[in-house]
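There are 2 protein chains.
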Amino acid sequence: MKTAVITDPEKIKDLLERDTEDIVVRESLEKKLMSGKQLRVKLGIDPTSENIHIGRAVPLRKLRAFQDLGHTAVFIVGDFTAQIGDASDKLSKRPMLSKEDVEKNMKTYKEQVGKIIDLDKAEFHHNSTWLSKLTFSEAVLLAESFSVQQMLARRNFSDRYEKGEEISLREFMYPLMQGYDSVAIDADIEIGGFDQLFNVKAGRVIQKFYGKPEQDIITLQMLEGTDGRKMSSSWGNVITINAAPEDMFGKVMSVNDELIEKYFRLCTAIPLPEIAQHMAIIKEGGNPKEVKMILAKEIVRIYHGADAAEKAQEYFTNVFTNKQAPEEAEVVEVSKGQGIGAALKNAGIVASSSEWTRLVDGGGVTYAETAEKITDSKLVATEDVYLKVGKRKFVKIKVI
Amino acid sequence: MKTAVITDPEKIKDLLERDTEDIVVRESLEKKLMSGKQLRVKLGIDPTSENIHIGRAVPLRKLRAFQDLGHTAVFIVGDFTAQIGDASDKLSKRPMLSKEDVEKNMKTYKEQVGKIIDLDKAEFHHNSTWLSKLTFSEAVLLAESFSVQQMLARRNFSDRYEKGEEISLREFMYPLMQGYDSVAIDADIEIGGFDQLFNVKAGRVIQKFYGKPEQDIITLQMLEGTDGRKMSSSWGNVITINAAPEDMFGKVMSVNDELIEKYFRLCTAIPLPEIAQHMAIIKEGGNPKEVKMILAKEIVRIYHGADAAEKAQEYFTNVFTNKQAPEEAEVVEVSKGQGIGAALKNAGIVASSSEWTRLVDGGGVTYAETAEKITDSKLVATEDVYLKVGKRKFVKIKVI
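Taken in sequence, the protein lines are chains A and B. Residue numbers are given in the working numbering: position 302 of the first sequence equals residue 310, and the series is strictly consecutive. Residue numbers are given in the working numbering: position 17 of the second sequence equals residue 25, and the series is strictly consecutive.
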């Protein structure tokens, strides 16, 4: 895995500055990068859900950037830590996952990670390899490195503590384990998401405890969901990196206009001056949709290649821009929880329940923006959706 | 180890009421005791110092009382937990002990414990046997049973937290382990010192977690040191159970008058009505010293037998009551930190430094109250002490 290490100051500056939130310790990190030594760069992701989303891809893309400079990417699937549960990005107590949940979630992790980093040149670990061998005594020794006050000073814990919400003692043990990972793989640098500063700093404490050199740290900016809120799969504002090209394209097109520039920066490798040129179109009164098309095409290209990106754009353009403007769609009002099939039958859009079922089973009902097929004919209305029913009909379901 | 179990209600009442601070759950405990079943009664002591003192002996004596009713005493030396450090009786962070410290401390534990409980009928365990086998994962699972809030609600933690004093995360793990001990030995009942309510309750939580029946709990009253303050070897107000008879006798004689009744109750098995008779002597204007002589003789008898108790009383009477009243002793003022030998030479009590050294080496210098020998001729003055120098001289060292 020996590669020539690139020490071009401009490239290092870009690596350290683009999209980063915090660097600890900057001076030391720069020195390491300029030394020409091949560094071990750690990134861990817990498989708490089946699909890696574009927010979690931000640190993965930074890992790739280190790889591109010739350093060793050390990726850790947190199969052990996922069971414990990291409370970092949660405002409430995080449940423990079963071993089965975790195994199910991480089935395609390697493949997904391989879309971003070059697996041939990377190390790929599961942290159960070493964490399952640790003893209770070691847990206690590691615990000695932290005070209760330090733990409670973390914003997410202190908020919950002040509100009187329960914090499980188990949650306090998470940083100890993530920290131990750094010892196990001898990390020189650790990359973390925007909410990981405490956990990655724990790595420094634990490395020191074991008499090892302390890793430096980069944490990255937060990427909001398409609607501007925190990413959450339950809010449907998440783009997963293995979404189908048309779905991915449509989802990017639904990104709030205020977030276009941030999505360019955090989700693509387009150089900053070029991003500025794109954004100038909007500033000069152009249609934001036009710029989002560039963004969507680039994001689809990254994960599916140029051809798929082209086709996804065509699909989107056909459906929305040329043939059927959303304004032409029929609006059907549905009570929350009512079956969508029944509502469409009542509105005369489908002739019968059995026609509806036939259409769904044959893949003839899709979400119009993303071309994602509806597979359950018993689907009930929970939020406003925009459907394509059969070959020509477009229906806006409005929940009342 | 099968013995007939005694279910005499009077005896059970005495067992449950004499010297107890808290019982959880009383009804359940009474039912267990009345059932005639031989119960497993747990008591654990961490070897944090070499000698068991008369305060720690209080729960040990209660364990003996259970044994006398035919139940199984299960004594646990906390050799594992001693290294972690229980913060229960501390107002500040408790340091971790090394394995060597712990091994040194517990050298004579079995012998000391054997002065109180009948070892032939008891189980004697070291908790490293099972705790050293636990994994990190199990630590996390146990941690899930407790909230940070529960931990911080403990008085000693909350006091420190409010004062901004550091609490190590390691200290939060202590109750998990003490609780696991109850699982390991299948405790029906656990006895704890006055400061152990939280830890012994943890046993109930952990037993429940492992699907075992919950133990009931007895905690005992606190025994203050001889001067009325909390017992602390650094304050010299502690009586260890393997102190020499004269030393033990003298120390009991130094107990504050207000504590005589409590020492009778917590340190002897004298029935309460009889104690009341002794105390009546004081109430009717008698000399408390007279009553303390009864107390001292009984305590020495418990740990050293009747003959030794007789002799200790004689020694005390000879030194203090008959031959030399403390009033006759010469007073030598010494600066704090000054060598006692030098001060006695200056005062003309010993002829020379070498005479002093000879006297000390020959065992000719003792603490007058206790007959304890001074073994270090370089001893410096740190507090007022009363010494016997040679065969006849009594000296009060007064630190100025």
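Misleading hints may appear alongside valid ones.
All copies of an identical chain are treated as equivalent in the list; a pair is satisfied when it fits inside any one copy or across any two copies.
Claimed, not checked - Pairs of lysine-lysine residues, derived as DSSO-like cross-links and limited to a Cα-Cα distance of at most 30 Å, are as follows:
| # | residue 1 | residue 2 |
| --- | --- | --- |
| 1 | Lys171 | Lys216 |
| 2 | Lys399 | Lys129 |
| 3 | Lys216 | Lys141 |
| 4 | Lys19 | Lys112 |
| 5 | Lys123 | Lys319 |
| 6 | Lys115 | Lys21 |
No wet-lab data here; the hints were simulated from the structure.
Evaluated hints:
1. Lys171 x Lys216: Cα proximity of Lys171 and Lys216: across copies only (28 Å, versus 34 Å in one copy).
2. Lys399 x Lys129: Answer is neither; intra-copy 46 Å and inter-copy 86 Å both fail.
3. Lys216 x Lys141: Intra 20 Å, inter 26 Å, cutoff 30 Å: intra and inter.
4. Lys19 x Lys112: neither (39 Å within a copy, 60 Å between copies)
5. Lys123 x Lys319: within (19 Å within a copy, 88 Å between copies)
6. Lys115 x Lys21: neither (36 Å within a copy, 62 Å between copies)
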